[in-house]
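Colleague: Model the placement of chain B on the given structure of chain A, informed by the hints.
If you read the sequences in order, they're chains A and B.
Under this note's numbering, the first residue of the first sequence is numbered 1, with each subsequent residue one higher.
Under this note's numbering, the first residue of the second sequence is numbered 271, with each subsequent residue one higher.
FYI, nobody ran anything at the bench for these hints, they're computed from the structure.
As the structure is a computational prediction, the values presented were derived from the model and not from experiment.
Incorrect hints may have been included.
[What the hints assert, rightly or not] Covered stretches of chain A (chain B as the covering partner; in silico rule of three or more C-beta atoms under 8 angstroms from a C-beta of chain B): (1) 52-64; (2) 115-124; (3) 148-154; (4) 241-250.
C-beta atoms are modelled at their ideal positions from N, C-alpha and C, and glycine is treated no differently.
One letter stands for each residue in the lines below.
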Amino acid sequence: MLGPNLFKRSFFFLNTLLLIIPLILRSIPASGINGRADYETVNYKGQKLSILRDSLTQAPVIIRGIESNLLEIKNFSKLSRKEITNTGIPLVSKYKSLLRIEPDQLKLKSAEKISDTWYVSYWQTFHGVIIYESSLGYAIDSRGRIKSLGALLYPHVQAPVTSKVSHEEALKIGQGQIKDFKKLKCILLAESVLIYPVKKKSSIDYYRVYAFNFFPQEALHPASVVGGWAVFIDTQTGKKVLYEELLKPLGCCIPEDWVPPKLEEMKPKW
Amino acid sequence: MVKSKFLKFLIIGLLFFLMVSACKEKAEKSSLPKLGAAAIDFNFQDLEGQAWSLDKVRGKVVLLRFWADWCPYCRYEMPIIDKYYRKLKKEGFLVLAVNVKQSAEVALAFIAQLDVTFPVPLDPDGKMAKRYGVYAIPTNFLIDRQGIIREILIGEVFKEEKPLRELLKNYFPLS
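Just chain A, with the same shape it has in the complex (with noise of 0.2 angstroms):
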């Protein structure tokens, strides 16, 4: 037979847990943090690198060279942009087996001068579609020399080539996955076909999506608050496999004399 008192401590100690629990939640830092760099040097082709790789595709995230550059660019100063965008093809010709990928894998994601620095960055592809967040890019100083690069990179991709599911099929199977889509006047901002790579813990599914950029054309307006959707959906099966709601990217602050951006204003999420 259990006591009052027992019932008692039991709904002070229920109490006390639901109050501390989120507490200690709070106090415990975000997982999926790499922690400490860790660095290793490699000797290649009789030039000393500093690489960090990623833990699961082995393939590096960032190459430094010491006591070298990556690249020296001849005649930089002299070189176009058209020809500055297509300097990440010797590059990765010069460390291929290192990256693990082919020069024609590259498409420009940017290519951009400040100061007199150039930082161009590209996409990897997979038959010609881009990988999602996938990106290899550097730094050119004026004297055309690149340094270091940045890279996440996947060398195995293993993905359908072809779509089952059709652009209509999916998009409106996209659409209904926001709530009050009409309700909320929503636009299609951008869409495109997409390689997906899903990390799992020793592997990664590779999907070939639709993927829709939504926005409520509310959102369309600097002062709203109101962000918009990422949705994939697999080519295969039709399946939802991203929906995300993003925040807005904001190329301006709120002039005075604002007037609503055009469509083609706003930047997609790739």
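Modeller: Below, chain B without anything else, positioned relative to chain A:
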């Protein structure tokens, strides 16, 4: 009799818990960062595994910046911010460039590409961004040495050097 008493206690306990949760949510909503008010405490871990909190950065002028690699505007500003970070680091200027809702690998690759040197904390589930009321990126908060928010800058504002230099002139001897 005893059972019904226990049930009563349990219901009261749960109601109390729900009330506390509701109050907390309301308090969070009304405690979004404001100009001239104390900055909200944060708890981040950066790409090097280092922990950052408001207490740890007190005494420094902090540019708390929320960004993601897919935002083109965030990209353009980074090298300019890094230039001033390198210049004023010893005098107490700290940049915490918080990556929102992306993996450590994505953030690391991006930072390496731009060759920037400031700490990059991660906010993988966007909780801190939400607490700071961030709805667009980039969003920057300038926090003074006393932990007071002095500027909230939403959108791309540092594409040119001038606005950042003018801002930092209030805290550092810049010509």
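Colleague: None of the hints should be skipped; say for each whether it holds.
Modeller: Hint check results:
Given a C-beta distance limit of less than 8 angstroms, the hint that chain B covers the segment 52-64 of chain A holds, as 4 residues qualify and 3 suffice. Against chain B, the segment 115-124 of chain A contributes 4 residues with a C-beta closer than 8 angstroms to a partner C-beta. That satisfies the three-residue criterion, and the hint holds. A stretch counts as covered by a chain when three or more of its residues have a beta carbon under 8 angstroms from one of that chain; for the segment 148-154 of chain A and chain B the count is 5, and the coverage holds. Check on the segment 241-250 of chain A: 5 of its residues sit with their Cβ under 8 angstroms from a Cβ of chain B, so the three-residue criterion for coverage holds.
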